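One-letter residues, chain by chain:
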Amino acid sequence: MTYAIKVNKNTHSVDVDGDTPLLWVLRDVLGMTGTKFGCGMALCGACTVHVDGVATRSCITPIDSIGTSEITTIEGIGATAAGAKIQKAWLDREVVQCGYCQSGQIMSASALLASNPHPTDADIDDAMSGNICRCGTYVRIREALKQAAQSTGQGG
Amino acid sequence: MILDHRASPTLGSDRSSSLDGLSRRRFVQAGAAAGGGLMLSLNLPFAHGAAEAAEAAGFAPNAFIRIDVDGQIVLTMPYVEMGQGTYTSIPMLIAEELEVDLKQVQLEHAPPNEKLYGNPLLGGIQATGNSNAMRASWQPLRQAGATARTMLVSAAAKRWNVDPASCHAQSGEVRHAPTGRRTKYGELAADAARMPVPDNVALKRPEDFKLIGTPAKRLDTPAKVNGTAVYGIDVRPPGVKIATLAQSPVFGGRVKSVDDAAAKAVKGVRQIVRLDDAVAVVADHMGAAKKGLAGLKIEWDDGPHAKLNTDDIVGELEQATLNPGAVAQNIGNVEQAMAGAVTKVDATYQVPFLAHATMEPMNCTVHVRRDGCEVWVGNQVLARAQATAAQTTGLPLDKVVVHNHLIGGGFGRRLEVDGITRAVEIAKHVDGPVKVVWTREEDIQHDMYRPCFFDRLFAGLDEKGKPVAWNHRFAGSSIIARWAPPLFNNGVDPDTTEGAIDLVYALPNMHVEYLRVEPRGIPTAFWRSVGPSHNVFVTESFMDELAAAAKQDAVAYRLALLEKTPRAKAVLALATEKAGWGQPLPQRVGRGVSVQFVFATYMAQVAEVEVSKDGAVRVRRVVCAVDCGTVVNPDTVQAQIQSAINFGITAALHGEITLKDGRVEQANFDTYQMLRINEAPAIEVHIVQSREPPGGMGEAGTSAIVPAVTNAIFAATGKRLRKLPIDTSALKQPA
Chain A
0 MTYAIKVNKN
10 THSVDVDGDT
20 PLLWVLRDVL
30 GMTGTKFGCG
40 MALCGACTVH
50 VDGVATRSCI
60 TPIDSIGTSE
70 ITTIEGIGAT
80 AAGAKIQKAW
90 LDREVVQCGY
100 CQSGQIMSAS
110 ALLASNPHPT
120 DADIDDAMSG
130 NICRCGTYVR
140 IREALKQAAQ
150 STGQGG
Chain X
0 MILDHRASPT
10 LGSDRSSSLD
20 GLSRRRFVQA
30 GAAAGGGLML
40 SLNLPFAHGA
50 AEAAEAAGFA
60 PNAFIRIDVD
70 GQIVLTMPYV
80 EMGQGTYTSI
90 PMLIAEELEV
100 DLKQVQLEHA
110 PPNEKLYGNP
120 LLGGIQATGN
130 SNAMRASWQP
140 LRQAGATART
150 MLVSAAAKRW
160 NVDPASCHAQ
170 SGEVRHAPTG
180 RRTKYGELAA
190 DAARMPVPDN
200 VALKRPEDFK
210 LIGTPAKRLD
220 TPAKVNGTAV
230 YGIDVRPPGV
240 KIATLAQSPV
250 FGGRVKSVDD
260 AAAKAVKGVR
270 QIVRLDDAVA
280 VVADHMGAAK
290 KGLAGLKIEW
300 DDGPHAKLNT
310 DDIVGELEQA
320 TLNPGAVAQN
330 IGNVEQAMAG
340 AVTKVDATYQ
350 VPFLAHATME
360 PMNCTVHVRR
370 DGCEVWVGNQ
380 VLARAQATAA
390 QTTGLPLDKV
400 VVHNHLIGGG
410 FGRRLEVDGI
420 TRAVEIAKHV
430 DGPVKVVWTR
440 EEDIQHDMYR
450 PCFFDRLFAG
460 LDEKGKPVAW
470 NHRFAGSSII
480 ARWAPPLFNN
490 GVDPDTTEGA
500 IDLVYALPNM
510 HVEYLRVEPR
520 GIPTAFWRSV
530 GPSHNVFVTE
540 SFMDELAAAA
550 KQDAVAYRLA
560 LLEKTPRAKA
570 VLALATEKAG
580 WGQPLPQRVG
590 RGVSVQFVFA
600 TYMAQVAEVE
610 VSKDGAVRVR
620 RVVCAVDCGT
630 VVNPDTVQAQ
640 IQSAINFGIT
650 AALHGEITLK
660 DGRVEQANFD
670 TYQMLRINEA
680 PAIEVHIVQS
690 REPPGGMGEA
700 GTSAIVPAVT
710 NAIFAATGKR
720 LRKLPIDTSA
730 LKQPA
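Residue numbers (numbering that gives the first Met the number 0), protein chains in the order written: chain A, 0 to 155; chain X, 0 to 734.
Hints in this document: simulated from the structure, not taken from any laboratory.
Note that the structure is a prediction, hence the values are computed from the model and not measured.
Mixed in with the good hints there might be a few duds.
The calculated lysine-lysine pairs, modelled on BS3-like cross-linking and capped at a C-alpha distance of 25 Å, are [what the hints assert, rightly or not]:
#1 Lys-612/X to Lys-463/X
#2 Lys-157/X to Lys-5/A
#3 Lys-216/X to Lys-145/A
#4 Lys-296/X to Lys-568/X
#5 Lys-550/X to Lys-568/X
#6 Lys-216/X to Lys-87/A
#7 Lys-563/X to Lys-550/X
#8 Lys-612/X to Lys-465/X
#9 Lys-577/X to Lys-87/A
#10 Lys-465/X to Lys-398/X
#11 Lys-563/X to Lys-463/X
#12 Lys-263/X to Lys-306/X
Partial list, derived from the structure: chain A residues whose beta carbon lies under 10 Å from chain X [claimed, not checked]:
#13 Tyr-2
#14 Ala-3
#15 Met-31
#16 Gly-37
#17 Cys-38
#18 Gly-39
#19 Val-50
#20 Gly-52
#21 Val-53
#22 Glu-74
#23 Ala-80
#24 Gln-86
#25 Ala-121
#26 Ile-123
#27 Ile-131
#28 Cys-134
Chain X stretches covered by chain A per the calculated footprint, using a threshold of three residues with CB under 8 Å from any CB of chain A [said to hold, decoys possible]:
#29 249-256
#30 333-340
#31 606-620
#32 632-645
Glycine is no exception: its CB is placed at the ideal position from the N, C-alpha and C atoms.
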């Protein structure tokens, strides 16, 4: 069946089974490989995208559940205010190591910051504990999130 | 940052005549590069006394620096980036000596060629591992940079007809201060190529370093925060199909029968490939491939390991340690010393099999054609990748092209090529390119695992509590014996024993034996910090036991044994001071310490751990002091330690792979758990200033944290944990 989905403000038409996870539509059908596969069971967060601004695990989100929702991926997150701040903070704090999980980390962090400009440590734990980083960059993820939140506070 | 995977640089008119006059000690050659620039070829010196043999075999360069006529500096090097910062720290060495900005150095990854790019610290195998990229490069790459600088200065001096000593290099130019003349390197490169290669070049003094020792921004980061970085799993050659697979759930089993009717009916499924011990579903996208895989009905012949359980393997190891093993180290006379000991302590320890669980699951893309084979993969051993593709296809080596990509986590997993072999086996049946992607379940259940070990120790203390005898015997798999057989000698190898021998402590009588016992039905492989990941847990826990038996403070006890290893003593003193060792803590909170010398780096850690009433363990804070010699990129050192600590805590708290009826019981991140941000401790890293050569940084933090945590649990609860992972049920507070 054919589905029209809106990704980063562009509409794409894809012909796949309705139960196909959004992750594979993005990566294999549309060629947007910034969103990563980690577990296929919403256990690691590597595949996180935004569906209408909400952090969502694309590996268990069937394409037929998307409807007219707006999908934002790592390729488009820099165009949002929160996403741009998070990306900058990630660079400033040198968060990244192997980097494979970082698309998902950035998507979760951007969603947090957009909905909560001044997250506490507990808020960060809640929003980010679904994202595994095998390189263990957690110390810097926390620092970078706080830096991005500070820049929000300064009127940004 | 530009990564270029072009073919090996060709030496335009390498002045081979100069080979005859080569000093035996010289490991840099120079000549003209194709295109008119200056080309330097380096021979990274071999370690472990193999230097003479290597030199006798003639000059064999394995890294190249090219200065193009447009001023671009290109480094071709054999190491791969997997998050450890190598793509940044190695170019820093060249940039420092060449007096150029770091961003002027462009990196080309070396294509597979074991003869050219073999890693001298890994027995000449083209590999990135064992935390040694910086250790192997430190001297020769700076020397090459200095050689190029000297030749550029000579070329300028000759052009200006002035004394080279009156010229100097700065900011990518040679300058003559007295006359104010200056010329860019690019304009001098062709002339420099005709200059004699200096026999001796002066390396910059540490106090003159501009880059080394300063935090440099990682060059690979920007692409990793905007989704454009290309990992192996991201490649998309035109027409590529996606495959996923089921391999025999029992190692050594075979496919008995396959009913693929339901799989073939899935929209987007193109083909089912049946191999001897695996079945793959080839589809338009991974969603269809996974759905097809779920629809397969496969009957397996489980083979000889059908009834194997982990307890059987541990039992065999335990049994093995009742007999003598190969002697890994002997100092003094343990037997005699034991006879005179006042206190005797003995213990057994055990560590489990561990999976790597790299965030990027195993994958490999292959296109097999009748006359050639192309492979796209992120791997730590490119020459082996090429060799297995050649062997599996039956093609000559030169018909196999391997494109290397960023690695989404290595930790030793990608020092193996089993996934590449498998992908080529599948691709042989597929018309066009196919990307074989393992599900997470397949990745965890068909890993090659950090071996399980069983250890038996005893020690004797004198009347003051000092250890007068130390005896350690352990059994388990040797990765080296399979992976680099020449390094396995007389029953021992340098990796499996690292952290068990050459301890930092003054132990007058010490005896260490190793028994190589390869487990049945489960493959083993390197895993971050390898030998030390097992040995340091055992030795530093046992040292803690000795301190407790002597009724002494764990730090004071260790310090008294470190008189002959001042660098170890210094890191221990620093870590404990910064951690506030000895300051009071609440009930069921404790501090534990460890100190080690592995990967040529001294490190001490203090973990502060809280044990709840129900036995749950939380590592609250870790303080690490490190002396890794000269620090090239301090930010990378800090990042690697933070990373390694979280990696080690994951293993200590959660990590265990078990077999039941030959099958790995863990499958995904619900049953094989990773440390998450809410469990991650605050980490402080204190770096000791040093001018010693750099030590390895990628792994040391992992081995040091584990005993620091278990020792802290002992301090908090009085329970000594001798088996990993931590058994929280043993830590419950009695009602």
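Status of the hints after comparison with the structure:
no.: 1; hint: Lys-612/X to Lys-463/X; in the structure: violated, 36 Å
no.: 2; hint: Lys-157/X to Lys-5/A; in the structure: violated, 65 Å
no.: 3; hint: Lys-216/X to Lys-145/A; in the structure: holds, 20 Å
no.: 4; hint: Lys-296/X to Lys-568/X; in the structure: violated, 61 Å
no.: 5; hint: Lys-550/X to Lys-568/X; in the structure: holds, 21 Å
no.: 6; hint: Lys-216/X to Lys-87/A; in the structure: holds, 13 Å
no.: 7; hint: Lys-563/X to Lys-550/X; in the structure: holds, 23 Å
no.: 8; hint: Lys-612/X to Lys-465/X; in the structure: violated, 35 Å
no.: 9; hint: Lys-577/X to Lys-87/A; in the structure: violated, 32 Å
no.: 10; hint: Lys-465/X to Lys-398/X; in the structure: violated, 63 Å
no.: 11; hint: Lys-563/X to Lys-463/X; in the structure: holds, 19 Å
no.: 12; hint: Lys-263/X to Lys-306/X; in the structure: violated, 33 Å
no.: 13; hint: Tyr-2; in the structure: violated, 12 Å
no.: 14; hint: Ala-3; in the structure: violated, 17 Å
no.: 15; hint: Met-31; in the structure: holds, 8 Å
no.: 16; hint: Gly-37; in the structure: holds, 6 Å
no.: 17; hint: Cys-38; in the structure: holds, 4 Å
no.: 18; hint: Gly-39; in the structure: holds, 6 Å
no.: 19; hint: Val-50; in the structure: violated, 17 Å
no.: 20; hint: Gly-52; in the structure: violated, 18 Å
no.: 21; hint: Val-53; in the structure: violated, 19 Å
no.: 22; hint: Glu-74; in the structure: holds, 5 Å
no.: 23; hint: Ala-80; in the structure: violated, 16 Å
no.: 24; hint: Gln-86; in the structure: holds, 5 Å
no.: 25; hint: Ala-121; in the structure: holds, 9 Å
no.: 26; hint: Ile-123; in the structure: holds, 7 Å
no.: 27; hint: Ile-131; in the structure: holds, 5 Å
no.: 28; hint: Cys-134; in the structure: holds, 5 Å
no.: 29; hint: 249-256; in the structure: violated (count 0)
no.: 30; hint: 333-340; in the structure: violated (count 0)
no.: 31; hint: 606-620; in the structure: violated (count 0)
no.: 32; hint: 632-645; in the structure: holds (count 7)
In terms of the numbered hints stated before, the structure departs from hints 1, 2, 4, 8, 9, 10, 12, 13, 14, 19, 20, 21, 23, 29, 30, 31, listed from lowest to highest.
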